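S.K.: Residues per chain, in single letters:
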Amino acid sequence: MWARYRLEILAIVAILCFCGIFLYSSVLLGDAEYAGSDTIGSSRVAELAGVSEEDFQPLIPQWEPPSGEIESCLFALQAAIGGIFVGWVFGYWKGQKSRSS
Amino acid sequence: MHIMEGFLPWQWCVVWWIIAIPCLILGILQLKRVLASDREALPLLGVTGGFIFILSSLKLPSVTGSCSHPTGTGLSSICFGPWVTSVICAIVLLFQSLFLAHGGLSVLGANIVSMGIVGPLAGWAVWRTLRDTGINMYLTVFLACAIADLITYVVTSLELALAYPAEVGGFVSSFVLFLGIFAITQIPLAIVEGIVLALVFKYIVQLKPEILIRLKVFPDEKIRAAGSDA
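Residue numbers (this note's numbering), protein chains in the order written: chain A, 1 to 101; chain B, 1 to 230.
FYI, nobody ran anything at the bench for these hints, they're computed from the structure. Mixed in with the good hints, there may be bad ones.
To be verified - Derived lysine-lysine pairs resembling DSBU-like cross-links, with alpha carbons at most 30 Å apart:
(1) A:LYS97 <-> B:LYS216
(2) B:LYS222 <-> A:LYS97
(3) B:LYS32 <-> A:LYS94
(4) B:LYS222 <-> A:LYS94
(5) B:LYS32 <-> B:LYS216
(6) B:LYS32 <-> A:LYS97
(7) A:LYS94 <-> B:LYS216
(8) B:LYS222 <-> B:LYS32
Please read these numbers as outputs of a predicted model, since none were measured by experiment.
Isolated chain B, as found in the complex (with noise of 0.2 Å):
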């Protein structure tokens, strides 16, 4: 999902970086409230923060003969809100432009759109539909993980098409062109994500049920009946 520094003209790096500071401020401005509030909610940001630099650093191959890697964004999104996620999500884009050449300083603000607020947006946008509805916690998980790992590499190709539409067809035309690049890649991708970052999240109901009923991600009762059970 990364877009390569230079790939994107300055206007658009411009109007990327305008939409991503403020998403930023009012991330750190949440953090600051959640760790003053609750000593405990550190240790959970760790984990959730821990996933998005290891799977964001897995390069993995696809049906479509290329690599692309997973985002990891879903668990921290659900459990701490996306403009949470997307303070994560930029000091790991910010470690990946300046030691591995992957995105850059100028296409910063677009990877951070991209990876860590549309995409996380997404997918706390599917877990809040579901968390008060009789489905089951780790298939809301799944799927908010999913969801998000796949809208961040839908909304790469939309930042792409914007910047260079086709001459023949246009914007539409393009999107559809990196939407194959990109999109197609992820779905096994994003399946496996949300699967993975589903059990993870099943060791921390019952490991530390009490945080979760504390950030309010699931109701009381599914937590305390899925802590139970193990």
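Just chain A, same shape as in the assembly (with noise of 0.2 Å):
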């Protein structure tokens, strides 16, 4: 039983343990932003270039999310779009197994 079930504990406690360095590291790191990487790497740029952000224009003009939460909503949905591939796929093989046999 425990053997059959090794990816999923091993799964399950990769996980907990992700959390649990998570919750540890952010009193550590009472201070810290959890800003993304994408973000810092940016200002870490401007820094190397000498330039300040607002410097930076985009090459090709681009339409931005008007508000954080319009932006997780888009991530949201991007999530959801492949959660229905994922579960259809899965479900079909699931009938089609159970059929055949």
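Starting from the two chains in their separate frames, assemble the complex, guided by the hints.
M.R.: Next up, the structure:
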């Protein structure tokens, strides 16, 4: 029984460890902002180039989500699209398998 | 791993686009061939592509006090190869640059090279090396997926360092600086991603071993032995 679910258990332990490390390090790094590494990378670029971040204008004009809420909505939409694919296919395979056996 | 729109000089944008385009064309041709030769490949493509959509939208906190997202490209790369994976990544990255202002159209080439080409290629190389050895199948999937994730961020650091060498220490010191931001943050995420995708692979083996055998993802015996355990 344990051998059969070895990988599931390992995945749960890994995710719990990940959460534990996050909680521990967020206490240690009390003032961490948890900004995206992309954002931090961009500000380093600005430092290296010796100009302010506002000086970097898009080369090709770009629409930006008007607020963080709209951005997270669109991210959730992206995850949902993926979830639909994954769920649909696993259901399709499961149906195929149970019909053939 | 997204380089933001406007943060790469146009010369570098052109360079990365020139590298990306032939890979995408090759990917589209391979995709057509695989889908025409095997009807059952389409659902598998849906699952592996679906995970790229899901995982690349999850921004997770990491030990460095910043957030980053996994890529999910390893699974698709071992099933269909890096070129097909680059096509799926291009779709995801296009979505993100059009609707989320993550990345952009000029830097899309650079972002496709890191997330869609070199990362998956590294994962594919790990898988290809270990496939026919005695190493456990799930361990191979774990390593391939974790490496694909991590190398993606190493390549982003490389792209930024090439465009912005430091005044003191030049390219190398810039590269180290960006590695510190991108790659260190990514290590725990890459490990978790590897384990989760290995688990997903286990379910594919249980439900649809035939397609994995036909695509020669692993030798027959390995897949049959794993399928009969369940």
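S.K.: Determine for every hint whether it applies to the structure shown.
M.R.: Right, here's what the structure says about each hint:
Straight-line distance between C-alpha atoms of LYS97 of chain A and LYS216 of chain B comes to about 21 Å, which keeps the hinted pair within the 30 Å bound. For the suggested pair LYS222 of chain B and LYS97 of chain A, the alpha carbons sit about 20 Å apart, so the restraint of at most 30 Å is met. For the proposed pair LYS32 of chain B and LYS94 of chain A, the alpha carbon gap of about 26 Å is at most 30 Å, so the pair holds. Restraint check for LYS222 of chain B and LYS94 of chain A: satisfied, since their Cα atoms lie roughly 21 Å apart, inside the 30 Å limit.
Distance hint between LYS32 of chain B and LYS216 of chain B is fulfilled; the C-alpha atoms sit about 18 Å from each other, no more than 30 Å. Proposed proximity of LYS32 of chain B and LYS97 of chain A is supported: the alpha carbons are some 27 Å apart, at most 30 Å. For the suggested pair LYS94 of chain A and LYS216 of chain B, the alpha carbons sit about 22 Å apart, so the restraint of at most 30 Å is met. Note on LYS222 of chain B and LYS32 of chain B: the hinted pairing holds, with a Cα-Cα distance of about 28 Å set against a maximum of 30 Å.
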